[in-house]
Every structure is written in structure tokens, then in C-alpha cells.
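Enquirer: With chain A's structure known, arrange chain B on it following the hints.
In case you want the letters, here they are:
2 protein chains.
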Amino acid sequence: MTNLTVGPTACLILIGNEVLSGRTKDANLQYLGTRLTELGIRMSEARVIPDIETVIIATLNECRAKFDYVFTTGGIGPTHDDITSACVAKAFGVALERNAEARALLCRNYSSDKELTEARLKMTEIPVGATLIDNPVSNAPGYRIGNVFVFAGIPRIMQAMFEGIADTLVGGAPTLSQAITARIPEGILGDPLAAVQARFADVEIGSYPFKKEGGIFGASLILRSPDAAKLDQAADAVRQMIRDLGAEPLEGDMV
Amino acid sequence: MTNLTVGPTACLILIGNEVLSGRTKDANLQYLGTRLTELGIRMSEARVIPDIETVIIATLNECRAKFDYVFTTGGIGPTHDDITSACVAKAFGVALERNAEARALLCRNYSSDKELTEARLKMTEIPVGATLIDNPVSNAPGYRIGNVFVFAGIPRIMQAMFEGIADTLVGGAPTLSQAITARIPEGILGDPLAAVQARFADVEIGSYPFKKEGGIFGASLILRSPDAAKLDQAADAVRQMIRDLGAEPLEGDMV
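Protein chains in written order, with our numbering: chain A, 1 to 255; chain B, 1 to 255.
Worth flagging that the hints you see were computed from the coordinates, not collected in a lab. Hints may contain errors.
No distinction is drawn between identical chains; accordingly, a pair holds when it is met within one copy or between any pair of copies.
[To be verified] As a list, the in silico EDC-like pairs of lysine to aspartate or glutamate whose alpha-carbon atoms are at most 20 Å apart:
id, residue 1, residue 2
1, Lys114, Asp244
2, Lys25, Glu38
3, Lys114, Asp191
4, Lys211, Asp167
5, Lys90, Glu251
6, Lys212, Glu251
Looking at chain A on its own, in the form it has when it is part of the complex (with noise of 0.2 Å):
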């Protein structure tokens, strides 16, 4: 496999005791990679933690670190075991207050100060420095700090958060790819299609292998780069690879 390494690289971290034990299956991961890929940035990990101190802090201090883009989703809600926006404080070495800013945005949920709980004003508990991020599902907001930007788990406050910050973001060129999908078994194509991935050292060619009703193998082969001209000549040599092998290539992704 090539190492396609333009543009800006991301890191995910994904915050919730729920997603490791099997309770709540994520729905972050595709959506932010796929938005991710459309802009030329590169998702290179996703880290899934639980909600622990020592572990949000030592993951998003290395993270942050070794990535140019860090998200983080979970654990900014009103309860005790959200506990993200102490460990981003913490990590940043800056102190955690409750933003005047972020009070007035929960504010509109409420008719009265009443309604303010401790619980809900550990909503506006924003670390210094940080530039709070629109929430237009229900207010209370996230927050960019340096390079990380910390995002609700629930997946559509997470893609309103996201959308709305998206166009800062500073992508490389865009991954352009295209689809060709193989009626043979990988087992057959595996070897010509190793050549011809030798051949293209600048696409990254994977194969995603099928199996449908009636007993038709197969493999989707995804082509990426960001150079047009390259592409498309990786593409006419797996369209012929196919052809060599008695079969006829069929656009696009079919897995």
C-alpha cells in the first residue's frame, strides 16, 4: 500500500465508556471521515477512550501533537461522567470557566434563571482561550482550543457542530477517486492487481472484496490520488487487468 501523505491530517478521538462496551454503537466515524476525505484532509486515526482522566489527557496531548486537525466527540453534557471539557483544560494547561458566552447561548433554553442547574451550567464550563462552536440542535456549544476542536457525541449535534466550522478548515488537494468493480474472486486478481499497484506508486489502489446471493465473488477496487492525469491511468490499467482476465470491468463501488 502507498502512503499517500498530501494535505493535512486529522485525528478523531472519540470519548465514551458506552462505545467500548458494545452499548452505543458509534455513528461519528464514517460521517466525519467521508466530510473529511470531501475536503482534501486525510483522517489518519481514530482513537476510541474511555472516561478516564489520565487517558483523555495523555490522548489528546499526543494527538494533538502529531496531527494538524483533532475532534473529539463525547463526554460535554451535563452529567458527572462528562468530564472532557476538565481533561482539555487540563491537557492545554489552561483553567476551565464558566464562559459568560456559552451562558448566554444556554439561556435560551430557559425561561427563567432557575432553570440554570449546577448540572447545566457545567455546560458552559469552557477552558480559557478556547472559541466556542455553534450547537443550533439545542444551544449548549463546543469549542475550538489550538487544534482541537471538541464536538457533542450525539451524532446530529455533532454534524451541526461540524458544518458550522467546516469552512475554516484548511484542506490539501482533494482526494479525487474512482470505482471499478471486478466479478472475480481476489484471489485470482490479487497478483495483477499487485503489479499494477507497483506500476502507480502515487494511487492507492484497495480492494474490498464481496460476496452476493448466488454465489458471485468479487472485489470493489478503489483508486485514490490526488492527481487527475495519474488516476485516470491507474483506472484504464485495472479496467484492462480486468479485461485480461476474461471478465468485463463495471463502474463503481458495488460492495
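Expert: Structure of chain B alone, referenced to chain A:
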């Protein structure tokens, strides 16, 4: 959040560009998280990493030192982008050799040696010292080496491989859980719930909010502990807390 460290720990390493780019939706994390929890093994972390040799080797070596069990999924197929076994061998500092037992298993799929292409034979390349793991779906085996279990990425095969070795894993006391749902917003629940958590340090209480049709807000509260008596006491305290807030505790996870 309390840090329950009872019992052995595990880490899942999901290997594959396609999961990071958003093309493929992972289905292995939730399955393994659920099954390990049942077996009294705590999934402590999961990482999704790309098909890059240096990253795979470094992640393997970090995680196998840190956790009792490491599971990998993906990258053991017949194509050039399947590099997991080569990386496992390098991480352990052992040779990667064509394994006679793996070849015999794979031969079940084919009527003649002619069908054993180089690509297919790649699936018989196993790090020296590993013990094979049966693949009842398509015969190409996984394997265990040290505390690392190497599985296929295709969920049906991964699950069959896991179930084949599940009874060899040594679990701690199984974590017991109770779920209680309150039709009360987290912003109201949060403060009294934090007080209950403070009283029961041996019980991990997670709060998972929901919003249902018709404007019904609430949270499912999941209590976990290996200690049945303490779990019962904490659950009773949660029920009383919900009644004190003027609602009826509902048994079960409603999210």
C-alpha cells in the same frame, strides 16, 4: 466517573484505510465490546489505523505492552493492501513464513494446486510461533501470537474467529449492570445523580440522554459493577432519586 479496573483489559486495533475514509462502516467494535463485557474483559481502548506499515507496527507494540489482550481486524486477505501479517511479524521480531497447516486449510477451497495463486498463498503467510485460529466461513485462518489475536475484517468471519477462541480468554468477574430510565432531562438529573455517584465509588454510573417524539426528554442511567450487592444499593438510590424528582423510575435502557 469512577475508574473500574477490575479484570483484564483489551484493546481492539481496526486496520484499514477504508474505515478511516468513511467508505466502510465498522461493525466489529460493537460486537467485540459487547462480547468482551460479557466475558468479564474490559475493552479499554480501540484504535482505527491506516494500512501503513510503520503505524501498524508501532501501534501493535504499544498496545500489546499496555493491555492484557489485543485484537486486530483487517488486512489478512490476498491483495497487496493486506499487510497486517507482515507487520505483526516485524512487531514481534519473527519471520513470516508460509505455514503448512494454513495451506492445508486453504486447500479445502480448491480442487487443484493451480488455483493456489501467489495471492492466495499470501494468506498462508503466518508469523513464526503463532497458533492458527479457525475460519469456518472461508478457511483462510487467523492466528494468535503472544497476547495478540489477528482476525479478518469481514464481520461474519471476525465473529466466527472470535467465537472460536472466546473460551480460551481468561475473564475477570463479569461486570454486572442495571439500567434505569428517567423521563427527566439530564440538566435536572445531573446534580442529584452526581451525589449518588459520589456515594457509590465502586459503581460506574453512565447517563445517556434521549429525546423522543412528542417532546419527551430523559436519560437512561446504566450502572455497572462486579459487586452485585453494591450495584443493588446504588440502583435503589437512583430509583429513590428519580422519585424525589417527581417521576417514576422505569426499568431498562430506553435509548
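Enquirer: Run through the hints listed earlier and report the numbers of any the structure violates, in increasing order.
Expert: Numbers 4 and 5, in rising order.
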